[in-house]
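K.L.:
Residue numbers (the working numbering), protein chains in the order written: chain X, 241 to 538; chain G, 241 to 538; chain H, 241 to 538; chain B, 241 to 538.
Please note: incorrect hints may appear among the correct ones.
Sample of chain G residues with no beta-carbon within 10 Å of chain B, all distances over it, derived [stated by the list, open to error]:
(1) E257
(2) K280
(3) S347
(4) L348
(5) G352
(6) V432
(7) S439
(8) R493
(9) E495
(10) S496
(11) A514
(12) M537
Covered by chain B, per the in silico footprint, the following chain H stretches (three or more residues, Cβ under 8 Å) [to be verified]:
(13) 241–247
(14) 271–282
(15) 301–314
(16) 324–335
(17) 420–427
(18) 503–512
Pair ranges (Cβ atoms, derived) [unchecked claim]:
(19) B:K335 with X:T516: 25 to 31 Å
(20) B:E448 with H:K382: 21 to 27 Å
(21) X:W454 with G:K437: 55 to 61 Å
(22) B:P398 with H:M241: 53 to 59 Å
(23) X:K410 with G:K437: 22 to 28 Å
The hints are simulated quantities; they were obtained by calculation from the structure and are not laboratory data. A quick note: this is a predicted structure, and the numbers were derived from the prediction, not measured. Even for Gly, the Cβ is constructed at its ideal location relative to N, Cα and C.
4 protein chains.
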Amino acid sequence: MEPIKHIKIKKGMKISELVGEMKNAGFGAEKIGKASEIVKKMFNDKKCTVFLGVAGAMVPAGMKEIITGLLDDVNVFVVTGANLTHDLIESLGEKHYHGNEFSDDESLNKQGIDRIYNVFMKNSVYEKLEDFFEKNFSEFLKCKTIKELLWKIGELVPEDGILKKCYEKKIPIFCPGIADSGIGLMMWGRIVEGRGKTSIDIFEDMKEIIDIAWTAEKRGIIYVGGGLPKNFIQQSLQFSKGADYGVQITTDRAESGGSSGAPLKEGISWGKMAKTGEFVDVFCDATIALPLILAGMK
Amino acid sequence: MEPIKHIKIKKGMKISELVGEMKNAGFGAEKIGKASEIVKKMFNDKKCTVFLGVAGAMVPAGMKEIITGLLDDVNVFVVTGANLTHDLIESLGEKHYHGNEFSDDESLNKQGIDRIYNVFMKNSVYEKLEDFFEKNFSEFLKCKTIKELLWKIGELVPEDGILKKCYEKKIPIFCPGIADSGIGLMMWGRIVEGRGKTSIDIFEDMKEIIDIAWTAEKRGIIYVGGGLPKNFIQQSLQFSKGADYGVQITTDRAESGGSSGAPLKEGISWGKMAKTGEFVDVFCDATIALPLILAGMK
Amino acid sequence: MEPIKHIKIKKGMKISELVGEMKNAGFGAEKIGKASEIVKKMFNDKKCTVFLGVAGAMVPAGMKEIITGLLDDVNVFVVTGANLTHDLIESLGEKHYHGNEFSDDESLNKQGIDRIYNVFMKNSVYEKLEDFFEKNFSEFLKCKTIKELLWKIGELVPEDGILKKCYEKKIPIFCPGIADSGIGLMMWGRIVEGRGKTSIDIFEDMKEIIDIAWTAEKRGIIYVGGGLPKNFIQQSLQFSKGADYGVQITTDRAESGGSSGAPLKEGISWGKMAKTGEFVDVFCDATIALPLILAGMK
Amino acid sequence: MEPIKHIKIKKGMKISELVGEMKNAGFGAEKIGKASEIVKKMFNDKKCTVFLGVAGAMVPAGMKEIITGLLDDVNVFVVTGANLTHDLIESLGEKHYHGNEFSDDESLNKQGIDRIYNVFMKNSVYEKLEDFFEKNFSEFLKCKTIKELLWKIGELVPEDGILKKCYEKKIPIFCPGIADSGIGLMMWGRIVEGRGKTSIDIFEDMKEIIDIAWTAEKRGIIYVGGGLPKNFIQQSLQFSKGADYGVQITTDRAESGGSSGAPLKEGISWGKMAKTGEFVDVFCDATIALPLILAGMK
Chain X
241 MEPIKHIKIK
251 KGMKISELVG
261 EMKNAGFGAE
271 KIGKASEIVK
281 KMFNDKKCTV
291 FLGVAGAMVP
301 AGMKEIITGL
311 LDDVNVFVVT
321 GANLTHDLIE
331 SLGEKHYHGN
341 EFSDDESLNK
351 QGIDRIYNVF
361 MKNSVYEKLE
371 DFFEKNFSEF
381 LKCKTIKELL
391 WKIGELVPED
401 GILKKCYEKK
411 IPIFCPGIAD
421 SGIGLMMWGR
431 IVEGRGKTSI
441 DIFEDMKEII
451 DIAWTAEKRG
461 IIYVGGGLPK
471 NFIQQSLQFS
481 KGADYGVQIT
491 TDRAESGGSS
501 GAPLKEGISW
511 GKMAKTGEFV
521 DVFCDATIAL
531 PLILAGMK
Chain G
241 MEPIKHIKIK
251 KGMKISELVG
261 EMKNAGFGAE
271 KIGKASEIVK
281 KMFNDKKCTV
291 FLGVAGAMVP
301 AGMKEIITGL
311 LDDVNVFVVT
321 GANLTHDLIE
331 SLGEKHYHGN
341 EFSDDESLNK
351 QGIDRIYNVF
361 MKNSVYEKLE
371 DFFEKNFSEF
381 LKCKTIKELL
391 WKIGELVPED
401 GILKKCYEKK
411 IPIFCPGIAD
421 SGIGLMMWGR
431 IVEGRGKTSI
441 DIFEDMKEII
451 DIAWTAEKRG
461 IIYVGGGLPK
471 NFIQQSLQFS
481 KGADYGVQIT
491 TDRAESGGSS
501 GAPLKEGISW
511 GKMAKTGEFV
521 DVFCDATIAL
531 PLILAGMK
Chain H
241 MEPIKHIKIK
251 KGMKISELVG
261 EMKNAGFGAE
271 KIGKASEIVK
281 KMFNDKKCTV
291 FLGVAGAMVP
301 AGMKEIITGL
311 LDDVNVFVVT
321 GANLTHDLIE
331 SLGEKHYHGN
341 EFSDDESLNK
351 QGIDRIYNVF
361 MKNSVYEKLE
371 DFFEKNFSEF
381 LKCKTIKELL
391 WKIGELVPED
401 GILKKCYEKK
411 IPIFCPGIAD
421 SGIGLMMWGR
431 IVEGRGKTSI
441 DIFEDMKEII
451 DIAWTAEKRG
461 IIYVGGGLPK
471 NFIQQSLQFS
481 KGADYGVQIT
491 TDRAESGGSS
501 GAPLKEGISW
511 GKMAKTGEFV
521 DVFCDATIAL
531 PLILAGMK
Chain B
241 MEPIKHIKIK
251 KGMKISELVG
261 EMKNAGFGAE
271 KIGKASEIVK
281 KMFNDKKCTV
291 FLGVAGAMVP
301 AGMKEIITGL
311 LDDVNVFVVT
321 GANLTHDLIE
331 SLGEKHYHGN
341 EFSDDESLNK
351 QGIDRIYNVF
361 MKNSVYEKLE
371 DFFEKNFSEF
381 LKCKTIKELL
391 WKIGELVPED
401 GILKKCYEKK
411 IPIFCPGIAD
421 SGIGLMMWGR
431 IVEGRGKTSI
441 DIFEDMKEII
451 DIAWTAEKRG
461 IIYVGGGLPK
471 NFIQQSLQFS
481 KGADYGVQIT
491 TDRAESGGSS
501 GAPLKEGISW
511 GKMAKTGEFV
521 DVFCDATIAL
531 PLILAGMK
């Protein structure tokens with residue numbers, strides 16, 4: 241048995257030092273330390289294909305650069321439509337704002353402000369979204385997969401962000417629930433206006449992600465917030481020998497039985513996780529855990 | 241101010257009595273009582289269109305009859321692909337089993353058992369799924385929306401369940417994330433075998449649900465577990481005057497900023513919930529709260 | 241493996257029927273069913289000494305009758321000072337009220353209202369407390385243990401409640417943290433006024449509870465909300481062969497490492513729980529779980 | 241409204257830089273940033289008396305140095321008996337060890353290992369505790385308050401730690417639930433052996449902490465994990481104008497109504513928190529949040 245060592249705070253301490261010390265402590269601190277180590281291993285393992293799944297409003301919460309940074313080392317990206325919509329909103333020049341979770345929502349509504357916990361967004365952002373989709377809809381009509389549509393948006397959007405990076409680096413990006421998002425609404429808006437009809441089949445993107453899982457020599461996974469992105473990667477892993485490395489960050493409970501709160505080890509029973517894999521479940525708000533884990537590697 | 245009354249347990253007590261007493265107590269008990277009352281109101285309000293969103297593995301956990309019961313009073317149903325897959329598995333004659341959340345997942349994997357918290361499923365269920373999709377794939381190829389596909393599955397599946405009921409009662413059922421499920425995998429399996437290609441556009445089902453929200457005189461919502469089903473209904477409600485009645489059951493946290501854990505009142509800022517609506521957030525495992533709330537009405 | 245059975249709601253259904261069906265379902269529902277069964281077993285086992293630990297504001301939330309009901313079958317009661325203070329407040333004729341968790345706390349403060357989540361209490365209740373302690377302080381000065389003091393309060397308080405019942409039925413009641421409560425404040429108030437000095441030794445009550453644990457033939461435990469009451473019983477159980485039956489109701493997390501959120505099985509390592517014991521951890525608001533579990537037995 | 245800024249990770253980044261950036265982000269990250277700022281303010285405000293409350297097994301989890309570090313700036317310390325016992329165990333030369341939360345507790349019990357989530361402790365540590373109390377019991381018998389007893393233990397224990405620091409720096413340390421701990425058990429062991437009787441009155445320490453709260457010009461509070469330490473400080477604050485600064489770190493839920501999970505603003509209704517105070521509730525495992533918040537100040 242290895243003794244627990246007590247974390248010592250020093251003046252001017254680097255994050256990498258702290259995360260190193262956390263690994264020698266217990267409870268959640270140890271898990272942050274382990275997670276940082278496992279992410280480093282999967283990034284450095286040349287044989288490993290890394291799948292990143294992101295749910296929860298990470299872009300409104302100031303995690304956009306963290307995610308674009310992760311995309312340098314990630315091979316497959318699965319994400320909610322909401323995150324992509326908020327990314328697009330920012331790449332169109334709009335912003336998110338500091339708010340207060342105890343605000344009066346009626347009053348916010350009158351002011352045209354949408355609340356996401358302690359983050360605010362002006363409802364007027366939808367105007368820029370409308371303009372962008374109005375202008376480029378004919379291009380979007382040509383897309384045959386969700387990935388193609390998202391890359392096309394990334395190509396046409398003026399400013400940097402997650403979508404543009406996925407396009408530029410040709411990162412396979414999957415978003416099976418795209419209809420459930422502002423992007424979906426913008427597409428629907430044009431379609432109901434009679435501007436044309438898309439033909440993006442719902443099952444089309446499955447081929448690519450399952451092929452990637454199937455052919456990868458080794459697999460690493462990073463799940464932020466569970467949800468559809470986690471589950472979509474998990475089901476693809478069933479067509480492989482299971483993930484060799486895994487880090488999950490969530491505040492959901494295992495007891496309610498949903499996929500988001502299930503510890504990674506449950507995936508061993510399904511063959512989604514390899515028996516010999518290195519996994520850690522981090523119970524923490526991702527806006528705290530992600531920066532620590534990533535900065536801890538540098 | 242109304243005084244809190246203390247709950248009194250009686251021999252042979254009916255659930256409706258207990259839920260009535262809960263409403264006079266505090267904390268979560270009061271919320272169960274209120275939720276039961278609000279669900280009753282939205283079911284009895286002839287002008288009200290009721291939207292039900294269900295995420296989390298409700299079918300494996302023994303909630304299938306609860307959900308089919310709810311479908312008698314619900315006008316629109318949005319659900320995860322996982323729940324529909326587990327429903328289909330049972331309607332093909334397979335079962336879920338009592339398990340243990342402390343099990344050794346490696347050993348379960350060797351025995352061919354998939355674990356969902358404290359529920360087990362034999363991995364061999366996939367054989368019946370394969371057979372069913374193999375046999376009926378040509379029928380599924382004709383479907384043009386996800387709803388049509390799900391109704392068709394409901395039509396062709398031998399035994400009763402959620403899918404069959406949605407088909408028989410022509411309940412609009414939406415599952416934007418269908419690719420993220422065993423049903424998705426079964427469709428993909430046939431497609432990659434070259435048995436044919438579907439053309440179910442990802443944005444197609446949006447029209448119907450938004451139309452329903454738009455034209456409804458009043459709107460009620462019931463969210464079990466958040467996730468994509470909640471968010472998909474919420475975004476449709478933006479094209480209405482907002483929900484007039486709302487009950488949400490979740491164990492997710494508001495603090496991590498995801499849609500699943502956000503209290504319903506946050507939706508007022510977005511215009512998804514009406515300022516004058518009656519809402520309650522129930523923080524409870526849905527397998528405990530749902531039976532109580534529904535039995536409490538009877 | 242036993243198949244999961246789906247819960248069926250019937251008109252006029254009794255709680256005992258529902259809880260029986262819950263046991264055949266999964267996730268939290270199954271645990272409610274098991275908890276009801278285990279509590280019934282420990283109450284019916286003549287050899288079993290039952291320890292009840294209660295933390296969290298159960299009295300303000302309308303659980304007073306539930307607790308006094310439990311005391312009919314319980315042999316040892318450990319509780320927070322807060323619950324006893326709120327019980328005393330009610331036994332002096334005051335009440336708790338329905339409130340709202342989204343209230344403006346500044347405005348409540350101006351109105352003299354103290355908030356406990358969605359329950360309100362008038363700050364003026366302290367006047368009756370002052371009068372009661374003023375009047376009876378000389379009696380309280382004679383007490384040599386916390387249990388004696390609490391029994392004396394129970395004897396002298398005019399109306400029924402938890403304290404009176406413990407006195408009348410001579411139930412050993414332990415409250416090691418009594419200084420941390422309104423009762424503590426009332427005693428301190430008299431002492432600093434120079435009205436006399438108590439001599440209630442902090443370690444005195446330990447003898448009795450450890451003796452009870454030591455000499456009991458079998459032991460059952462019911463923990464509501466964790467905290468000091470759980471831990472105080474747990475440490476006494478170290479001087480025994482461990483608990484044979486156990487039910488824990490809490491919404492705290494295991495991951496943060498506190499005693500309140502630790503699953504009962506962790507206690508096996510310490511020898512606080514018997515290896516052969518029957519235990520269940522119920523993750524649920526106690527105001528929902530307790531009435532169900534208890535009514536389910538009847 | 242201030243725009244959210246996205247956190248940027250840099251190579252060799254200092255914690256103070258990251259925490260500074262966190263403050264410009266949303267959700268929990270922003271709260272870590274605010275907490276660091278508020279703690280800095282209360283430490284730098286010469287008029288401010290700082291109360292620290294610590295519950296949860298912080299010492300086993302490697303947080304001992306963090307706590308002794310905090311004690312340099314803290315004026316009043318309230319803590320659970322468990323933390324002090326684990327501190328004493330380490331100051332007697334024993335250690336805690338890295339373990340695994342998925343361990344077989346029966347097997348651990350056979351090996352004489354006590355588990356605290358993912359931390360292990362040898363059961364044999366109790367021998368050193370026994371020796372220490374056996375040797376020094378006559379000294380302990382002279383103590384008249386819990387604080388005196390704890391200072392005396394700190395004086396006599398050989399190695400550095402929390403108890404020794406409180407003694408050396410004469411920090412008022414309060415532990416109303418001391419009977420609920422290994423230290424309590426050690427005292428009880430000697431008392432039942434007939435080695436003497438303590439006379440430490442349960443209400444005695446209240447005077448000092450309430451006096452401190454009463455006379456302080458300004459008050460700051462730091463709560464780790466809630467529990468009795470939080471509540472004991474809160475009740476003392478009722479005899480003041482309320483806390484001017486406040487940081488709370490907990491993973492408990494508000495919805496279950498316990499004191500541990502209640503947001504600090506609830507205390508405004510009671511007059512425990514000042515209306516004009518600066519507060520933040522950090523929802524995070526304290527082993528992650530505390531090092532960040534404190535290192536962020538340096």
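K.L.:
The structure should be examined with respect to each hint, and the outcome stated for every one.
P.N.:
Okay, the hints, checked on the actual structure:
Listed as a non-interface residue, E257 of chain G keeps its Cβ farther than 10 Å from every Cβ of chain B; the least gap is roughly 23 Å. Chain B leaves K280 of chain G outside its interface by the beta-carbon criterion, the shortest separation being 23 Å against a cut-off of 10 Å. Every Cβ of chain B is farther than 10 Å from the Cβ of S347 of chain G; the closest lies at roughly 13 Å, confirming the non-interface assignment. With a least CB separation of 14 Å from chain B, L348 of chain G remains clear of the 10 Å interface cut-off, as annotated.
For G352 of chain G, the non-interface assignment is confirmed: its Cβ lies about 22 Å from the closest Cβ of chain B, beyond the 10 Å cut-off. No Cβ of chain B comes within 10 Å of the Cβ of V432 of chain G; the nearest lies about 37 Å off, and the non-interface call holds. Non-interface call for S439 of chain G relative to chain B: holds, since the shortest CB-CB distance, roughly 39 Å, exceeds 10 Å. Taking the minimum C-beta to C-beta distance to chain B, about 7 Å, the non-interface status of R493 of chain G is violated against the 10 Å cut.
A beta-carbon of chain B is positioned within 10 Å of the beta-carbon of E495 of chain G; the least distance is around 4 Å. The claim that S496 of chain G is not at the interface with chain B is violated, since a C-beta of that chain comes within 10 Å of its own (minimum 7 Å). Its beta-carbon lying about 24 Å from the closest one in chain B, A514 of chain G satisfies the requirement of being farther than 10 Å from that chain. Non-interface call for M537 of chain G relative to chain B: holds, since the shortest CB-CB distance, roughly 23 Å, exceeds 10 Å.
Residues of the region 241–247 of chain H with a Cβ under 8 Å from some Cβ of chain B number 0, which does not satisfy the need for three, so the listed coverage is violated. Counting residues of the region 271–282 of chain H whose C-beta lies closer than 8 Å to any C-beta of chain B gives 0; at least three are required, and the coverage claim is violated. Judged by the Cβ-Cβ criterion of 8 Å, the region 301–314 of chain H is not covered by chain B as claimed, because only 1 of its residues qualify and three are needed. With 0 residues having a beta carbon nearer than 8 Å to a beta carbon of chain B, the region 324–335 of chain H misses the requirement of three or more and the stated coverage is violated.
Coverage of the region 420–427 of chain H by chain B holds. Counting CB-CB distances below 8 Å, 6 residues qualify, and the rule asks for three or more. Here the region 503–512 of chain H counts 7 residues with a CB under 8 Å from a CB of chain B, which clears the bar of 3, and the coverage holds. Under the hint 25 to 31 Å, the C-beta atoms of K335 of chain B and T516 of chain X, about 30 Å apart, fit the expected range. Range check, E448 of chain B to K382 of chain H: Cβ separation about 25 Å, and the 21 to 27 Å hint holds.
Between W454 of chain X and K437 of chain G the CB atoms are about 20 Å apart, so this pair departs from the stated range of 55 to 61 Å. Separation of P398 of chain B from M241 of chain H is about 56 Å and conforms to the stated range, judged on CB atoms against 53 to 59 Å. About 25 Å separates the C-beta atoms of K410 of chain X and K437 of chain G, a value consistent with the hinted range of 22 to 28 Å.
The earlier numbered hints that this structure contradicts are 8, 9, 10, 13, 14, 15, 16 and 21.
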